[in-house]
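Chains as they are written, first to last, in the UniProt record's numbering: chain A, 1 to 412; chain B, 1 to 412; chain C, 1 to 412; chain D, 1 to 412.
In case anyone wonders, no lab produced these hints; they're calculated from the structure.
These figures come from a predicted structure and were not determined experimentally.
Hints are not guaranteed to be accurate.
Which copy is meant is left open, so a pair is good if it fits within one copy or across any two.
[Unchecked claim] With a straight-line Cα cutoff of 35 Å, these simulated DSBU-like cross-link-like pairs (lysine-lysine) come out:
1) Lys108 / Lys177
2) Lys353 / Lys179
3) Lys317 / Lys353
4) Lys317 / Lys170
There are 4 protein chains.
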Amino acid sequence: MSESKRPEIKRVVLAYSGGLDTSVIAKWLMKERGLEVVTFTADLGQGEEIEPARAKAQAMGIPDKHIFIEDVREEFVRDFVFPMMRANARYEGDYLLGTSIARPLISKRLVEIAHETGADAIAHGATGKGNDQVRFELSAYALDPDITVIAPWREWDLTSRTALIDWAEKHQIQVPKDKRGDSPFSTDANLLHTSSEGKVLEDPWEETPDYVYSRTDHPENAPDTPEYITLDFERGDGMALNGDAMSPASLLTALNELGRKHGIGRLDLVENRFVGMKSRGMYETPGGEIYAVAHRGMEQITLDRGAAHLKDELMPKYAELIYNGFWFSPEREMLQAAIDLSQEKVSGTVRLKLYKGLASIVGRKSQHSLYSEAHVTFEDDAGAYDQADAAGFIKLNALRLRLLAQRDRRQG
Amino acid sequence: MSESKRPEIKRVVLAYSGGLDTSVIAKWLMKERGLEVVTFTADLGQGEEIEPARAKAQAMGIPDKHIFIEDVREEFVRDFVFPMMRANARYEGDYLLGTSIARPLISKRLVEIAHETGADAIAHGATGKGNDQVRFELSAYALDPDITVIAPWREWDLTSRTALIDWAEKHQIQVPKDKRGDSPFSTDANLLHTSSEGKVLEDPWEETPDYVYSRTDHPENAPDTPEYITLDFERGDGMALNGDAMSPASLLTALNELGRKHGIGRLDLVENRFVGMKSRGMYETPGGEIYAVAHRGMEQITLDRGAAHLKDELMPKYAELIYNGFWFSPEREMLQAAIDLSQEKVSGTVRLKLYKGLASIVGRKSQHSLYSEAHVTFEDDAGAYDQADAAGFIKLNALRLRLLAQRDRRQG
Amino acid sequence: MSESKRPEIKRVVLAYSGGLDTSVIAKWLMKERGLEVVTFTADLGQGEEIEPARAKAQAMGIPDKHIFIEDVREEFVRDFVFPMMRANARYEGDYLLGTSIARPLISKRLVEIAHETGADAIAHGATGKGNDQVRFELSAYALDPDITVIAPWREWDLTSRTALIDWAEKHQIQVPKDKRGDSPFSTDANLLHTSSEGKVLEDPWEETPDYVYSRTDHPENAPDTPEYITLDFERGDGMALNGDAMSPASLLTALNELGRKHGIGRLDLVENRFVGMKSRGMYETPGGEIYAVAHRGMEQITLDRGAAHLKDELMPKYAELIYNGFWFSPEREMLQAAIDLSQEKVSGTVRLKLYKGLASIVGRKSQHSLYSEAHVTFEDDAGAYDQADAAGFIKLNALRLRLLAQRDRRQG
Amino acid sequence: MSESKRPEIKRVVLAYSGGLDTSVIAKWLMKERGLEVVTFTADLGQGEEIEPARAKAQAMGIPDKHIFIEDVREEFVRDFVFPMMRANARYEGDYLLGTSIARPLISKRLVEIAHETGADAIAHGATGKGNDQVRFELSAYALDPDITVIAPWREWDLTSRTALIDWAEKHQIQVPKDKRGDSPFSTDANLLHTSSEGKVLEDPWEETPDYVYSRTDHPENAPDTPEYITLDFERGDGMALNGDAMSPASLLTALNELGRKHGIGRLDLVENRFVGMKSRGMYETPGGEIYAVAHRGMEQITLDRGAAHLKDELMPKYAELIYNGFWFSPEREMLQAAIDLSQEKVSGTVRLKLYKGLASIVGRKSQHSLYSEAHVTFEDDAGAYDQADAAGFIKLNALRLRLLAQRDRRQG
């Protein structure tokens, strides 16, 4: 497990987007570290073609058997996004964890590919200031305690844009024109969200400029007429939109389109990073926001109070674990076991109104409903509920408070 | 403390709105229970004149010295709403506790007036199915363990509207024309919110009819242009709107007007009552929603992560305590002490965009800001942060996960 | 579900000990309520013969097919005590929940027997002041929402000992000589513990008299030489004592004998009842105390920190749920799912020293141990741990505190 | 805040015990780092003379004005141990945090002395594998964000005992005879406890050898007759032993003597370090164990259930914060505010029996007692409690469970 005692590293699996930065990393790993590089390029729904990464990897001399290009969208939504949504997870009250939840999946594949290709290390392009390095590495170590992780941004001296581009050109890496200058902000995208941060967003008093948004139309430009949709759930997971059954990734894709159109899911947040500083980000989670609202609506009628309140109490910790990179940890799995058990009857239909940035529940129904009109009605309840019980209920709930008040009055 | 041993009750303080129901209760307490009635009518910002209650009470023969009519709006916002907002309290993830938070204040005044007037009991008009009876009574018992509480709705046989009206007419109580028929839903209102429930709202699949809304314009009818506002906070409490200093109640009133105009703060919720059943309500909390969003925004830059996460973990329990009626309990006060301590530097300005139902943070600034551009910047940070530290940070956070993975691999 | 609408009750299953009180109840249910009585007498390890209950029931005219006498000790320990011990549950820091955990099992059998015999009600002999009525009834309602529960102590007027005995004699119920006078305290016993409360124990300043103890020898009379034992665990449950594999009930029985001999497991407690008042009890949990200490010892080397700390945080709520009678509730089951998942590798051997009231861990070993001598050693660790990592770890953990201190210094 | 930008360090305040290791550190800081050294030697009740440290510091050429020798025992108990005890803090269920709670006090004085003497750094003798480095440094950074911390054990190459002794001799540092060889284990001591770890204790299956114990007599050698004591509390803090008022440190000293005599407070623990590995320690906390037991006893009758249960739920997190070194953090202070508020009426007297390793509560009384014999009595309660209330209490607590059971039965 110690670095010093570990046998020489020979081959490394790189999380490779095909873009400039990870291309430089690939080359740097070969040139400066003398390693064989295996590339892994995943379609997580980021909205960019992944196939072009193949030619770029080939151009750097990577053999075909070491180029891994995969569409993992269904796995991403089914095994990561949906389980997290069952928990109603929002970090610091608001953030739907769009970046956080993608990292463990990437690390899992990196480690698996390392095992398949006989590599002894993985590498990623996350910087030393952010949360993503932590998420990549904690996941990797949890899955293979002996893996070596290389994080070039923490090691090399290519700390300015110019230095990076110079190095790229010196090593025959194509630099796209639009990458020559500094981009005015930095983004991460997948099927769940796009995050933007840095540069023009660094002053938390300044409103996010229009050009930052890429996944949602402006609410002001959204349709003037609300749109109504239904979302069906089964055991806590979304199954159908407007009655049409869909796979997890297809459902989220369709909700994204609805969210984009109605300007839903924008979040301007200053959050606390695990590495200790605050950062400001603009998140766009169009479909995720609709889904999250709907899931709560489904739980409203199908979840018992005890289960619902326990979930609410556990949620902040659960969200923090995912944010901090502890997806593959015993405590996240314990919480998941509790949460999943609660979802057995979270099935039915939620009706939502989408309008100018807002997704609102307007109706919910379920054959598993715990809502009892007979009990709650203002009309005659036919004896379903005996109001006299309330007197005893209150009396015994009050007893300790009365004893306390008597004590305190006695003592002055 | 026992009912049976308690000396005969002679005088009761009634929470009196001046409306039909509490007028019937006043009369019933006199006629059927043979009690002297003291009335307490409070202006909590419900939007109705309270002065007319005086004449009605007089008409029932209540002497002037036993008619209490008070404007408690400032106390309500300052000592109840604002402290609760410091906690970012939302019951079951959404409900801003507008009804729950008003009850302890009313009970407090009922008990105080009982002491002033030599009364030995209080009475309220809440039914035996709801949460309000619990909130009124727990508060009262906590403040005076020997008080007697009379809840006519749990005792009498006027269980139908017709029976109630017949009784009223028989006892010379004026029945307003619009109270003859059943109202299609039931409401509670104060400066923080209006809640509507019952009848037309009892099917949680049916969308709330337009006529239910009384505090907010339809988002569809709201202005087509966003409005930007600033809200200033000091030590966790709102102090100024658009730079104009305001008292707590004035501030909330002004925010209500903004919220009404932009259709903000509508919530269609199926919630879990403390007495055990689910109920569906439509809440309108126009100013409260804006305030709650702004408060979180203020905390984003002024609150340390440790404090913020602890608050998030404590919030569900805190909200549950208020919802269940335990405002005057040691555990609510303990949580409040922790929360209040965290607010010492929650001061500064939040800028919000109000548009068609949505209040969004667009900027926040504070001289107490913990946000450090120097640390987070993508640019050269002049040595503020050493990226190499992250490697050790990750290594030690990963250590237990690696030991776990080694153990589990060893064991197969 | 309403009492008033429910069809006439005809047959009731009574939790019947064979003692005076439940014999009176049986007769009372027949005479005063006109019901057919089915008796259920369980051997939970209370240390009394249960077979004599048969003749007594027969003497009251109950037909053989309606007399249920069962040894449920294995089920009790396997399905209730052990799962609870996996959570390290102690109510209010100390109480091992010996009475609380037996109630749901009894209720479960009462309801099952009701279904088998076509009864529509159950009855129990718990008083209206204690927790047991709540535990019996919540369990019963959770298992059969339409069952009727009869609690004679809350209904009849036999409120003095004399009245009870007079009634018994009038109805040909044998009154044992030693039951004529009031007993100086009241007890409940099962394989896990004996509790004593009331009368001589009611002043919490007075030391418990010697004659109260029934399950443990005085520490002062215990052997002067310590005894060492080993306890083997598998997946969180005890499996063997001193290397001898035993069934759950046999293991607890053997530990009880050891605990009795060494005076282990006495607890003098003033606790908070769910019904609102404080009560003082003396608990003797000889084997349970040893088992609980050993289980924690086993977890020390086999449980990851994240799992262990999560368990510690969840425990108070879990214990409260059992104490309050919510064994059969969604939230207890959710917590159990989390806890059980954590126990998969809690296997190995704990060595304990038993001496004069104290059970102490002196050693623990496991093939699933997470303890790594290589990491912790003061000797050369052969590179297992890089001390330099600690610097970065501390730096990033400190970052938010430094930013905070800089802010507060800046602000004065 | 950045290391690189910080002006050259010139003077450092060292936590100096006067022993070999910190003497070597002092010299090393002068010779290898070219720093002026200020020494701080504190009497925390570790049981060793601190005055000899003066001559040793002088012998190394440190001027008198830079030698700080202080008795901080009262501050230690009053401002650190007692507040922690109010929370009933035990890390991982058992550990009374004896080492953890001393570190923030030492750091506080180091930083204060740095400010007084114009030093820009502090140094400590904790290794890179343990928790103490974290506790020292987090405290220091929280109190002075710009302080530099030097941790020689993480930096130098004196990693073997021989190397250290050679270096000492080469630099004229006296090496006591008994320090020549490796000691068979390592200790830390203060007024609250002595911890022992390492070497002979590193195999968690091996029983702790007799010679490890230094603070407690063997239970087997303790008096054969129990000793009874009383402890008086006021607002949650111990004030008097057997009726004699004492200062905090005097009280703990007296309890230590009692605990030593009766063999109380030994704990063999495998715990989870913040830096990620498990370690095994033997703790002796004689007086602290008695105090902790007594404090819980005092709370049993003076603390309301709501407050008590909230405290129990918060405790694990509170203990973890102290263990991990976050004494000076907003979240610890928030929790402390909640805990302290709960202690206002935790006043009265607890009676304990001390016998062969065990401290047991046998009685407690208080003029602030919430225990009501009138409510709990098996005798006639003169109407204090109406048993009929229990029926309604149970019915409404059961309602949600019945609705759930009906739903699940309906669904099959």
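Hint-by-hint comparison with the structure:
1. Only within a single protomer do Lys108 and Lys177 lie at most 35 Å apart by alpha-carbon distance; the minimum there is 33 Å, versus 55 Å between protomers.
2. In this assembly of identical chains, the alpha carbons of Lys353 and Lys179 lie at most 35 Å apart only when taken from different copies (33 Å versus 40 Å within one copy).
3. Taking CA atoms no more than 35 Å apart as the test, Lys317 paired with Lys353 passes in both settings, with 31 Å inside one copy and 30 Å between copies.
4. For the identical chains of this complex, Lys317 and Lys170 are neighbours neither inside a copy (47 Å) nor across copies (53 Å), given an alpha-carbon limit of 35 Å.
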